[in-house]
Amino acid sequence: MHIINLVFKNTFRHKLRTSLTILGIVIVILAFGLLRTVVSAWYAGVESSSASRLVTRNSISLVFPLPLSYREKIRQIHGVKLVSYGNWFGGNYIDEKNFFANFAVEPASYLELYPEYILPSNQRAAFLRDRKAAIAGQKLAIKYGWRIGDTITLKGTIFPGNWEFVLRGIYRGKDKSTDETQFFFHWNYLNESLKKTMSLRADQPGFYLVGVSNPNLAEEVAVALDKTFKNSLAETLTETEKAFQLSFVSMSEAIVVAIQLVSFVVIVIIMAVLANTMAMTARERIGEYAVLKTLGFGGWHIAALIFGESLFISMIGCTFGIAFTFPIAKVFGDTMGTYFPVFNVATKTIYLDAAVSLFVGAVAAVIPTWRAIKIRIADGLRRIG
Amino acid sequence: MEYKTPLVKIKNLCKSYRRGSQIIPVLENITFDIEDGEFLALMGPSGSGKSTLLNLIAGIDTFDSGIINVGGVDIATLSETELAQWRSTNVGFIFQFYNLIPVLTAFGNVELPLLLTRLSRKERREHVETALRIVNLSDRMNHYPGQLSGGQQQRVAIARAVVTDPTIIVADEPTGDLDRISAKEVLELMDRLNVEFGKTIIMVTHDPHAAEKARTIKHLEKGILNAHNQSRL
Numbered sequence: 001m002h003i004i005n006l007v008f009k010n011t012f013r014h015k016l017r018t019s020l021t022i023l024g025i026v027i028v029i030l031a032f033g034l035l036r037t038v039v040s041a042w043y044a045g046v047e048s049s050s051a052s053r054l055v056t057r058n059s060i061s062l063v064f065p066l067p068l069s070y071r072e073k074i075r076q077i078h079g080v081k082l083v084s085y086g087n088w089f090g091g092n093y094i095d096e097k098n099f100f101a102n103f104a105v106e107p108a109s110y111l112e113l114y115p116e117y118i119l120p121s122n123q124r125a126a127f128l129r130d131r132k133a134a135i136a137g138q139k140l141a142i143k144y145g146w147r148i149g150d151t152i153t154l155k156g157t158i159f160p161g162n163w164e165f166v167l168r169g170i171y172r173g174k175d176k177s178t179d180e181t182q183f184f185f186h187w188n189y190l191n192e193s194l195k196k197t198m199s200l201r202a203d204q205p206g207f208y209l210v211g212v213s214n215p216n217l218a219e220e221v222a223v224a225l226d227k228t229f230k231n232s233l234a235e236t237l238t239e240t241e242k243a244f245q246l247s248f249v250s251m252s253e254a255i256v257v258a259i260q261l262v263s264f265v266v267i268v269i270i271m272a273v274l275a276n277t278m279a280m281t282a283r284e285r286i287g288e289y290a291v292l293k294t295l296g297f298g299g300w301h302i303a304a305l306i307f308g309e310s311l312f313i314s315m316i317g318c319t320f321g322i323a324f325t326f327p328i329a330k331v332f333g334d335t336m337g338t339y340f341p342v343f344n345v346a347t348k349t350i351y352l353d354a355a356v357s358l359f360v361g362a363v364a365a366v367i368p369t370w371r372a373i374k375i376r377i378a379d380g381l382r383r384i385g
Numbered sequence: 001m002e003y004k005t006p007l008v009k010i011k012n013l014c015k016s017y018r019r020g021s022q023i024i025p026v027l028e029n030i031t032f033d034i035e036d037g038e039f040l041a042l043m044g045p046s047g048s049g050k051s052t053l054l055n056l057i058a059g060i061d062t063f064d065s066g067i068i069n070v071g072g073v074d075i076a077t078l079s080e081t082e083l084a085q086w087r088s089t090n091v092g093f094i095f096q097f098y099n100l101i102p103v104l105t106a107f108g109n110v111e112l113p114l115l116l117t118r119l120s121r122k123e124r125r126e127h128v129e130t131a132l133r134i135v136n137l138s139d140r141m142n143h144y145p146g147q148l149s150g151g152q153q154q155r156v157a158i159a160r161a162v163v164t165d166p167t168i169i170v171a172d173e174p175t176g177d178l179d180r181i182s183a184k185e186v187l188e189l190m191d192r193l194n195v196e197f198g199k200t201i202i203m204v205t206h207d208p209h210a211a212e213k214a215r216t217i218k219h220l221e222k223g224i225l226n227a228h229n230q231s232r233l
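Quick mapping for you: the protein sequence lines, in order, are chains A and B. Quick note: the first sequence, position 90, residue 90 per the numbering used here, numbers continuous. Quick note: the second sequence, position 25, residue 25 per the numbering used here, numbers continuous.
A hint or two may mislead.
Stated by the list, open to error - Pairwise CB distance ranges (calculated):
no.: 1; chain 1: A; residue 1: I373; chain 2: B; residue 2: G72; range: 23 to 33 angstroms
no.: 2; chain 1: B; residue 1: S21; chain 2: A; residue 2: I3; range: 38 to 48 angstroms
no.: 3; chain 1: A; residue 1: A323; chain 2: B; residue 2: D165; range: 43 to 53 angstroms
no.: 4; chain 1: A; residue 1: I269; chain 2: B; residue 2: D179; range: 47 to 57 angstroms
no.: 5; chain 1: A; residue 1: I269; chain 2: B; residue 2: E82; range: 36 to 46 angstroms
no.: 6; chain 1: A; residue 1: H2; chain 2: B; residue 2: T31; range: 53 to 63 angstroms
no.: 7; chain 1: B; residue 1: N12; chain 2: A; residue 2: F12; range: 44 to 54 angstroms
no.: 8; chain 1: A; residue 1: L358; chain 2: B; residue 2: K184; range: 50 to 60 angstroms
no.: 9; chain 1: A; residue 1: V262; chain 2: B; residue 2: D179; range: 28 to 38 angstroms
no.: 10; chain 1: A; residue 1: V262; chain 2: B; residue 2: E123; range: 52 to 62 angstroms
What the hints assert, rightly or not - Some residues of chain A that are not near chain B, with every Cβ distance over 10 angstroms (derived):
no.: 11; residue: L23
no.: 12; residue: A108
no.: 13; residue: R124
no.: 14; residue: G206
no.: 15; residue: E288
no.: 16; residue: V291
no.: 17; residue: M336
No lab work stands behind these hints: they were computed from the structure. No residue lacks a Cβ here, since even glycine has one placed at the ideal position from N, Cα and C.
Extracted from the complex, chain A is given alone in its bound form (with noise of 0.2 angstroms):
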């Protein structure tokens, strides 16, 4: 008999209590798992963003494209690797409930640039030979049930139009960090059409993609392409893919910050909780802990037995709600797949669900083990009978 074992009797002695206080630590954790994983997601471009790949837009707005024949007056910049250029086409697919990211991009240079996004050499090819072929993240043609060879339609709404893609590979990516729900097709088989339809948007993309040949020459290489374009008719801003990510996300950033605001303040309420039930624990057996003191216990070993009890329930509600945080946040990722590609429980979240619920089985146990240790043991004892 060890004092480990009366910690682990002492917690089921008020088997409701204590199930219904751990029921409220699984609850908790799962709600500060799957908040942190929200904030984790809204990271997810950030986090993925190299290093060696710039950004350049036009200067005023993204909105506003630039001139195709910026392309080889940027490849000419000393440290620039290689070019890839794009536009947005936020097309949807059915009709606008099925939305995801779709791009036009400069197929060769775009997959070379993003290594990340695995693709069979025999998908790829295809997709380089085929002017109308496009490709699709591993999710999103799960989610969309489409196999090599469909014809999918996108209806455009800044490019008007049914838009016909052939899909002839299917991305998958290197990590779980890598967004597998998004849609490429060929640059130029959107030009084409705008030289026939809307000839004074065509050669024109919305971004460039600049990949450098160094990391360290990022911010340099950045200085010097937008001081090509500078007092052109369309100044660039160029920025490390982080940054213009980073730009994306502090548009929400008060979103973010009020979530996580809240997986703080559900930690505080379980703190309350938890608080509340090891007080109630510990003023119901005061006279016991007085018993143990008169036998020779010592502050040390009742504190062990309160904290032990708190820590234990704390513990317990922890590895509860840490494994029903996995198959919640992929039904929760699968659910919001189109605003959340990223959806994975960081490494990072579950140490934290630890260290939160070490935290708050500490801190609820600390007035409990004041009060049961500062009690004189004749006072303790009178609570008895």
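Following the hints, put chain B in place on chain A, whose structure we already have.
Only chain B this time, still in chain A's reference frame:
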């Protein structure tokens, strides 16, 4: 009559409680000795200070002035930690309401004080089994307090009190919550501990029948030791 050395020396002991700004004296200038191997009953009406005196001798409460010396140790000089350590080896406690830990079996309850010793698990088991044999509860060692009668629970508490072979055993109304038959059993057991094992016992009781088992009876009234103390030997 055989001369015995005093095990407990109490001199000019004073204790008072504070209630708001009011100071209530509980014990006033108590002086007496308790000999080694004595079975002493402390009697007196409610509020006379007998339980307080017992708590002071057992080192679970503090006093205002005076001296309590148990086995050569002036307990007023001990720090809280030293006092806890001293209690674990020198004092066995028997309470009115048994005060067993409900989630532990009889074995677990008796083993509790031994967890503070350096005994091995095997040695602890031997000690616990011996203590439970003395109180005639070997067959109930795996029972939880809730599965035992009041008398059996009190016998488990007695086993817990003697398992460390303490210098003194203090008992606060040990039969106060028991029926007559169980009370008799418990008193006989305490008598046996005193006679057979030479344990020094200090018992607080209201019950004159219980006090009859003691060798010496001391009366407290309003915190003062009554001059008419009986020695039954």
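These are the hints, each one checked on the structure:
no.	hint	verdict
1	A:I373 <-> B:G72: 23 to 33 angstroms	30 angstroms, holds
2	B:S21 <-> A:I3: 38 to 48 angstroms	42 angstroms, holds
3	A:A323 <-> B:D165: 43 to 53 angstroms	49 angstroms, holds
4	A:I269 <-> B:D179: 47 to 57 angstroms	50 angstroms, holds
5	A:I269 <-> B:E82: 36 to 46 angstroms	43 angstroms, holds
6	A:H2 <-> B:T31: 53 to 63 angstroms	44 angstroms, violated
7	B:N12 <-> A:F12: 44 to 54 angstroms	50 angstroms, holds
8	A:L358 <-> B:K184: 50 to 60 angstroms	53 angstroms, holds
9	A:V262 <-> B:D179: 28 to 38 angstroms	60 angstroms, violated
10	A:V262 <-> B:E123: 52 to 62 angstroms	56 angstroms, holds
11	L23	22 angstroms, holds
12	A108	72 angstroms, holds
13	R124	67 angstroms, holds
14	G206	70 angstroms, holds
15	E288	6 angstroms, violated
16	V291	4 angstroms, violated
17	M336	46 angstroms, holds
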